[in-house]
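*Asks:* As a plain string of letters, each chain reads:
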Amino acid sequence: MSKITLQDLSHSYLQSQNKDEDWAIRNVNIDWQDGGAYALLGPSGCGKTTLLNIISGLINPTKGKILFNDEDITQKNPVERNIAQIFQFPVIYDTMTVFENLAFPLRNRQIPEDEINNKVNEIAEMLELTSTLNNRASGLTADGKQKISLGRGLARSDVNVIMFDEPLTVIDPHLKWILRSKLKELHQKIKRTMIYVTHDQTEALTFADQVVVMHDGQIVQTGTPVELFKKPKHTFVGHFIGSPGMNILSCQINNGSVAINGTKIETSNSNIGTSNFSKIELGIRPEFISFDRKGLPVKILNVSNTGKNKIIETESDGGKIKLIIKAGEKVPEGSAFLTFKKDYTYVYGDDWIVEK
Amino acid sequence: MNKTVNQKAWFFVIPVFVLVAFNAIIPLMTVVNYAFQETFGNNQFMWEGTRWFKQILVSERFHAALGRQVLFTLIILVIQIPLGIFIALNMPKEGIGVPICLVLMSMPLLIPWNVVGAMWNIFALPDIGFLGHSLNAIGFDYNFTQQSGDAWFTTILMDVWHWTSLVVLLSYAGLRSIQPAYYQAAEIDGATRWAVFRHIELPKMKKVLTIAILLRFMDSFMIYTEPFVLTGGGPGNATAFLSIDLVKMALGQFDLGPAAAMSLIYFFIVLTVCWVFYNLMMRNESKS
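Read top to bottom, the protein sequences are chains A and B. My numbering applies: residue 1 is where the first sequence begins, and numbers increase by one. My numbering applies: residue 357 is where the second sequence begins, and numbers increase by one.
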């Protein structure tokens, strides 16, 4: 039960680091509030697992500090940190029964046997494992095994944080739903800090109150799912979250106003400082674009129907633009004009949002 | 779907059948032939029924050889399996040390068996051999050609040197196949080193260890070349294991009938032990 703070955390798997790419994690600063449900979202290889292993103490960071309740625990081992971690593949002890598996972390900590009994039964009840308690754990299905891994984390009542490293990878799709809602339910019941690592945006957005998006070893944005959708602070967030992702268009700045090849575009943030960037781009989500009589001229390339909506792919001078309209709406033939909702149109300088 | 009947496929089995016939069935049947008959040469045979078998089964000489053989195999397994696992656990897991250790470990396995015997014979000679001379120099009365205890010691040491590597390599392969997450989870669960070995490493090594024990049992139970070159079964009959005794009977005394019966009994013992052992292991496997 504690607040977890990461301070100026960097980690590299190499002996010497000369360029940004040598770092698996770069300058991570973040506070995980006690009792929060967090998702750590990012593509494979962005450093999510490294960050998780640093928090749990399996990896010692090259630079920076980890604080639990403002106490520096960077040098402490996983046992002293008192955390729980659930891995991608279910880790169970083959030779033990389900009961012994759940009791294992408690027995290692010399907890009295009757207390272990109560605790294990309580956890088994919560995870619906009671009927299999005396079976050999190796005989269970993948989701049953993953429940055991989870149960071993929950068995200790005082863990500081429970971390999940893509825990549903090997679970059947229809069971994923059940387990995911189970997790959510558990979080509400036990109010323990949970960090859930995934590359699947649906998983992240349904599980977490706060989503932390990682890209190339950096945290690019932290926020609620709605914030990430409405105002991505980095082009990667715009691109990665949403389906289809944000349109990122090349644009020009003239006298403080934004234009795509001469067509002026109204944005919510274009005022100052934009000239210092080597790359200027404009971001707009497909949901906030509509056809109009005037605006940005485009050629219609392709229309695909998703049932409720139509996704239309068009080509403009700034690059390809996708937009979503209702299935009933008419799609113009050949060429058309687009207008963007001003409040959701942003200017990005070197991939980061330009703040007013 | 109707399957078409085409018996021509049997022709594909012929090469295998011929090979197996020549290297297994025909030699084995020759032995069977001798085991139930008496011959005085000239291809003349007389039916003896189970006489040779009865004779072998009650013979003190056979009991003694079998006793020596079982003792030898037990000692070999008791030393080599734990030692092999221990070495495998302590081998480096990454870096330049891995290939170096693997090559060093493989070397004894690549040496022909009679060379191993000859090497150890010279190595252990009490007057000029490094091992024999050194042992005597530091005060041990060591002479493997005269004292049966020393002969056993040398034979076992030689076999440990020659074959522990096999257990090491198999165990190492088993250990390497364990996902790092298992170790990480154990670390988080606060498991001791012993618990990690007992509950993660040993169960994950079970399959390769089954193979290792089976191979080491078969090879050590049928050992011939190395002790033949090293001690020749001596001093006296001290290291005359089953196969050495068998060859003495067949080629030394030319008692082909009893020797054939003995080889069948010998073969039957190896087969039975392997079958029982394998089934025990596999039954455990399907239960879990």
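Calculated directly from the structure, the hints in this document are not laboratory data. For every residue, glycine included, the Cβ atom is placed at its ideal position computed from N, Cα and C. You may find that some hints are simply not true.
[What the hints assert, rightly or not] If we take Cβ atoms under 8 Å as the criterion, some of the chain B residues that face chain A in the derived model are:
(1) Q411
(2) V414
(3) A493
(4) I534
(5) Y538
(6) E543
(7) D545
(8) A551
(9) G590
(10) G592
(11) N593
[Stated by the list, open to error] Pair ranges (Cβ atoms, derived):
(12) V79(A) x G495(B): 34 to 40 Å
(13) N118(A) x L430(B): 55 to 61 Å
(14) N121(A) x V372(B): 54 to 60 Å
(15) F553(B) x P43(A): 34 to 40 Å
(16) D158(A) x G453(B): 53 to 59 Å
(17) I452(B) x N118(A): 47 to 53 Å
(18) I452(B) x V79(A): 43 to 49 Å
(19) N635(B) x T206(A): 46 to 52 Å
(20) R532(B) x N121(A): 34 to 40 Å
(21) L458(B) x V79(A): 57 to 63 Å
(22) V603(B) x Q15(A): 57 to 63 Å
(23) V626(B) x N121(A): 47 to 53 Å
(24) Q7(A) x F553(B): 57 to 63 Å
*Asks:* For every hint, state whether the structure bears it out.
*Replies:* Going down the list of hints, with the structure as the test:
no.: 1; hint: Q411; in the structure: 48 Å, violated
no.: 2; hint: V414; in the structure: 45 Å, violated
no.: 3; hint: A493; in the structure: 49 Å, violated
no.: 4; hint: I534; in the structure: 10 Å, violated
no.: 5; hint: Y538; in the structure: 5 Å, holds
no.: 6; hint: E543; in the structure: 5 Å, holds
no.: 7; hint: D545; in the structure: 4 Å, holds
no.: 8; hint: A551; in the structure: 7 Å, holds
no.: 9; hint: G590; in the structure: 46 Å, violated
no.: 10; hint: G592; in the structure: 47 Å, violated
no.: 11; hint: N593; in the structure: 44 Å, violated
no.: 12; hint: V79(A) x G495(B): 34 to 40 Å; in the structure: 50 Å, violated
no.: 13; hint: N118(A) x L430(B): 55 to 61 Å; in the structure: 47 Å, violated
no.: 14; hint: N121(A) x V372(B): 54 to 60 Å; in the structure: 58 Å, holds
no.: 15; hint: F553(B) x P43(A): 34 to 40 Å; in the structure: 37 Å, holds
no.: 16; hint: D158(A) x G453(B): 53 to 59 Å; in the structure: 40 Å, violated
no.: 17; hint: I452(B) x N118(A): 47 to 53 Å; in the structure: 52 Å, holds
no.: 18; hint: I452(B) x V79(A): 43 to 49 Å; in the structure: 32 Å, violated
no.: 19; hint: N635(B) x T206(A): 46 to 52 Å; in the structure: 49 Å, holds
no.: 20; hint: R532(B) x N121(A): 34 to 40 Å; in the structure: 38 Å, holds
no.: 21; hint: L458(B) x V79(A): 57 to 63 Å; in the structure: 33 Å, violated
no.: 22; hint: V603(B) x Q15(A): 57 to 63 Å; in the structure: 60 Å, holds
no.: 23; hint: V626(B) x N121(A): 47 to 53 Å; in the structure: 50 Å, holds
no.: 24; hint: Q7(A) x F553(B): 57 to 63 Å; in the structure: 37 Å, violated
Hints 1, 2, 3, 4, 9, 10, 11, 12, 13, 16, 18, 21 and 24 from the list above are not met by this structure, while the remaining hints are.
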